[in-house]
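Build out the structure end to end from the sequences listed, making use of the hints.
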Amino acid sequence: MTVQTEPDQRRPEVAELEHAWHERPSLRTWLSTVDHKRIGRRYMVTAGVFFAIAGVDAIIMRTQLSRPNNGLVTPEEFNQLFTMHGTAMIFLFATPMFFGFGNFLVPLMVGARDMAFPRLNAFGYWVFLGAGSVMFISQFAGAAPDGGWFAYVPLTDRPYSPGRNLDVYALGLLFLGVSTTIGAINFIVTALKMRAPGMSLNRVPLFVWAMVGTSFMVVFALPALNLANAMLFLDRRFGTHFFDPTHGGNSLLWQHLFWVFGHPDVYIIVMPALGIVSSVLPGFCRRGVAAYPLMVLALVTIAIISFGVWVHHMFATGLPFLSYSFFSAASTLITIPSGIQIFAWLATMLRGRIIAGVPFLFAVGFIVNFVLGGFTGVMFAMTVFDQQVTDSYFVVAHFHYVLFGGAVFPLLAGVYYWLPKFTGRMFHNGLGKWAFWLVFIGFNTTFFPMHVSGLLGMPRRVYTYPTGLGWDPWNLLATIGAYVLALGLILVATGVVQAIRRGPAAPDDPWGADTLEWATSSPPRPYNFAVIPQVHSLHPVWDERSREAMATGDVLAGHRAVLTSELDGDREGPVEMPESSLLPFAAALGLLFVVLGLLWGQYWLAVLAAFAVFITLARWLWPPHRTPEEAGVAREGRAP
Amino acid sequence: MDPTETSPRARRVGGGLLWFAALGGALSWTVHLFVAWATDELACASGHTTLAGFPVKGVVTIGVVLPALVAAAALATAWLAWRRTSAAAGEDDPRMGRAALLAVVGLAANTLFLAIIIAGGVSLLVFSACQR
Numbered sequence: 001m002t003v004q005t006e007p008d009q010r011r012p013e014v015a016e017l018e019h020a021w022h023e024r025p026s027l028r029t030w031l032s033t034v035d036h037k038r039i040g041r042r043y044m045v046t047a048g049v050f051f052a053i054a055g056v057d058a059i060i061m062r063t064q065l066s067r068p069n070n071g072l073v074t075p076e077e078f079n080q081l082f083t084m085h086g087t088a089m090i091f092l093f094a095t096p097m098f099f100g101f102g103n104f105l106v107p108l109m110v111g112a113r114d115m116a117f118p119r120l121n122a123f124g125y126w127v128f129l130g131a132g133s134v135m136f137i138s139q140f141a142g143a144a145p146d147g148g149w150f151a152y153v154p155l156t157d158r159p160y161s162p163g164r165n166l167d168v169y170a171l172g173l174l175f176l177g178v179s180t181t182i183g184a185i186n187f188i189v190t191a192l193k194m195r196a197p198g199m200s201l202n203r204v205p206l207f208v209w210a211m212v213g214t215s216f217m218v219v220f221a222l223p224a225l226n227l228a229n230a231m232l233f234l235d236r237r238f239g240t241h242f243f244d245p246t247h248g249g250n251s252l253l254w255q256h257l258f259w260v261f262g263h264p265d266v267y268i269i270v271m272p273a274l275g276i277v278s279s280v281l282p283g284f285c286r287r288g289v290a291a292y293p294l295m296v297l298a299l300v301t302i303a304i305i306s307f308g309v310w311v312h313h314m315f316a317t318g319l320p321f322l323s324y325s326f327f328s329a330a331s332t333l334i335t336i337p338s339g340i341q342i343f344a345w346l347a348t349m350l351r352g353r354i355i356a357g358v359p360f361l362f363a364v365g366f367i368v369n370f371v372l373g374g375f376t377g378v379m380f381a382m383t384v385f386d387q388q389v390t391d392s393y394f395v396v397a398h399f400h401y402v403l404f405g406g407a408v409f410p411l412l413a414g415v416y417y418w419l420p421k422f423t424g425r426m427f428h429n430g431l432g433k434w435a436f437w438l439v440f441i442g443f444n445t446t447f448f449p450m451h452v453s454g455l456l457g458m459p460r461r462v463y464t465y466p467t468g469l470g471w472d473p474w475n476l477l478a479t480i481g482a483y484v485l486a487l488g489l490i491l492v493a494t495g496v497v498q499a500i501r502r503g504p505a506a507p508d509d510p511w512g513a514d515t516l517e518w519a520t521s522s523p524p525r526p527y528n529f530a531v532i533p534q535v536h537s538l539h540p541v542w543d544e545r546s547r548e549a550m551a552t553g554d555v556l557a558g559h560r561a562v563l564t565s566e567l568d569g570d571r572e573g574p575v576e577m578p579e580s581s582l583l584p585f586a587a588a589l590g591l592l593f594v595v596l597g598l599l600w601g602q603y604w605l606a607v608l609a610a611f612a613v614f615i616t617l618a619r620w621l622w623p624p625h626r627t628p629e630e631a632g633v634a635r636e637g638r639a640p
Numbered sequence: 641m642d643p644t645e646t647s648p649r650a651r652r653v654g655g656g657l658l659w660f661a662a663l664g665g666a667l668s669w670t671v672h673l674f675v676a677w678a679t680d681e682l683a684c685a686s687g688h689t690t691l692a693g694f695p696v697k698g699v700v701t702i703g704v705v706l707p708a709l710v711a712a713a714a715l716a717t718a719w720l721a722w723r724r725t726s727a728a729a730g731e732d733d734p735r736m737g738r739a740a741l742l743a744v745v746g747l748a749a750n751t752l753f754l755a756i757i758i759a760g761g762v763s764l765l766v767f768s769a770c771q772r
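Protein chains in written order, with the working numbering: chain A, 1 to 640; chain B, 641 to 772.
Hints were generated in silico from the structure; no laboratory data involved.
Backbone N, C-alpha and C define an ideal beta-carbon position, used for all residues, glycine too.
Take the hints with a grain of salt, since some may be wrong.
Example chain A residues on the side facing chain B (calculated, C-beta under 10 Å, incomplete) [said to hold, decoys possible]: (1) ASN250; (2) LEU297; (3) ALA298; (4) GLY308; (5) GLY318; (6) PRO320; (7) SER325; (8) VAL535; (9) HIS539; (10) LEU567.
In silico contact screen, one side only, chain A against chain B (beta carbon under 8 Å); selected entries [as the list claims (entries may be wrong)]: (11) VAL300; (12) THR317; (13) PHE321.
Anything over 10 Å on all C-beta distances counts as not near chain A; from chain B, calculated [what the hints assert, rightly or not]: (14) ARG652; (15) HIS688; (16) ARG723.
This is how it looks when you write it as structure tokens:
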């Protein structure tokens with residue numbers, strides 16, 4: 001479907017806009033770009049590569065476990081494999097991938113021309129790339145983290161884990177935390193200050209609500225992990241005793257700090273995925289998502305309650321029952337907002353006119369798997385059940401249903417849904433449907449049997465097992481499923497490459513969807529919107545007045561965007577947007593050398609690099625000569 | 641001044657009440673969790689059964705009851721806000737629409753947070769403070 005939402009490209013003011021925002025292709029602009037769309041695509045591609053490497057880790061593990069007493073890898077190698085698989089999937093794939101989606105889509109969905117802090121955005125990407133590279137290179141060097149993705153002390157403290165493996169973990173995640181934190185702050189400010197005029201809080205797309213909720217969770221949860229990792233590094237390198245009970249430390253402190261971050265992190269991963277499903281369904285059900293206020297409620301309450309459930313990861317640590325009960329209550333009742341969303345999506349499908357396209361199939365696959373994962377999640381909220389299956393394969397089955405079923409299925413729905421917008425090309429429908437069925441069947445064949453092997457007593461993280469325990473058929477089945485799943489994911493990648501290379505040109509709005517990203521060209525121009533949209537409803541592309549305003553309004557000239565008020569989206573005035581710059585890249589490079597200096601114990605290098613970062617940041621923050629209008633300090637209609 | 645216009649003070653109070661209606665339950669649950677859980681876990685870990693002369697269970701009970709009352713007050717405020725804003729939400733006024741959204745969110749969220757506080761607090765009837 002094509003709707004007239006853009007002004008004529010031949011208008012002279014539009015040509016001037018093209019000139020103001022154009023980036024000439026070169027190595028310099030490749031390194032210095034601050035365009036949110038390019039940065040978003042980079043996040044997605046880089047996270048996709050990390051996903052592939054961590055997926056290969058998983059395939060090696062499943063092959064090792066396909067039969068009893070197998071000797072494909074050593075126990076030490078297996079420790080590194082499961083640690084890097086978990087760490088990479090959580091920290092280097094899931095969150096950055098959704099940040100990539102958010103980077104590309106949030107400014108478009110709110111009708112902005114870029115993120116609020118474009119240079120910070122570029123800096124965040126380069127830091128993410130550096131952190132991911134350090135961690136994966138350590139794996140190829142045989143020195144990858146090997147204490148599990150949640151790195152419990154005292155196992156991960158000296159003297160039980162000598163070598164650099166856990167230093168890579170602590171420093172790598174601290175380094176990555178810089179990227180995640182500034183990315184989150186950028187999303188919050190973009191969503192609060194850069195929304196198109198008229199987009200009051202009750203007209204904000206659910207994906208944007210989800211990204212804002214996620215970002216608030218990151219801002220509040222990540223400091224706990226950063227603190228824990230800093231303390232772990234100090235314990236390991238400089239002999240402090242934060243986690244050493246023999247010197248007044250507390251080993252449970254690590255678990256508390258880790259899970260204060262770790263449980264919200266489950267929702268940090270899943271919530272953007274929920275937002276994607278809420279974006280996909282309107283296009284394929286021909287109606288808006290049912291119960292919008294309750295969907296907002298669900299996102300907001302999940303974001304808050306997720307901070308009060310962390311102790312359910314510690315139900316086997318011997319804390320007082322009374323303490324458990326507070327967390328058990330929250331862990332049980334957090335299913336209510338999740339359930340509200342499930343019922344709202346079902347109502348949307350029930351009352352809509354369904355078109356079963358590939359993105360829709362993945363969205364439905366998500367609902368099936370996420371409900372199964374949620375069901376076992378409620379079981380874990382019961383202390384007595386949790387204590388029976390702690391550290392068994394039942395846990396592995398549960399969190400893969402939640403994280404793969406709840407995040408990767410929507411992610412794949414999002415890839416197919418927005419691929420026309422990302423690339424300007426349409427994908428092959430048949431290939432997409434084959435990919436869906438292989439992924440769906442492969443996923444369930446891999447992870448459902450783990451419930452059974454877990455209930456039969458198979459502990460997680462064992463590198464092999466003896467025969468005769470009843471685990472053999474379930475493990476073989478899971479391994480066969482893993483290969484089918486891998487084949488499905490390869491088909492997804494093939495479909496994306498095929499679309500980019502040979503796919504037909506995509507129209508602006510191929511699905512007839514309702515949000516503002518579909519009011520731009522596919523792919524969008526560097527300035528996103530020539531006319532800053534005036535929003536009159538929750539579904540601006542379906543709304544006649546909003547469409548007309550975009551087609552006939554005045555072009556906002558120059559390298560500028562519009563600021564609006566936080567709650568009601570009242571126009572406050574234009575602001576000059578920062579030009580591309582090499583400074584974010586230079587700052588991230590300096591930070592990388594700080595990390596490497598600390599890792600190698602070359603503290604002179606760390607200090608030197610820190611000084612270089614300081615100089616770069618000073619240059620970056622040095623106030624440019626701008627008029628109040630250019631800087632966005634002067635507001636429209638206000639006397640100077 | 642137009643008699644139908646609200647004063648700046650009334651607007652501030654109204655805005656504050658609306659935010660209380662939206663977030664009061666969440667804030668009271670947060671306070672409940674940290675007071676009740678932290679008191680119980682830290683006191684029991686250090687072997688204490690009283691805190692400044694009060695029994696640990698009594699402190700935990702206060703950490704349940706007071707937040708529950710605040711959450712109930714937020715729920716009542718959200719109910720009033722919803723009744724006043726829902727009628728005007730259909731008009732093309734972003735402010736009223738946004739206020740109605742916050743009121744509905746508060747109504748449901750406060751109910752949920754009150755339920756969580758009560759569901760956790762019921763265990764006070766079953767367990768002693770440091771029972772493991």
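* Output the numbers, in ascending order, of every earlier hint that fails for this structure. => Result: hints 9 and 12 break, sorted rising.
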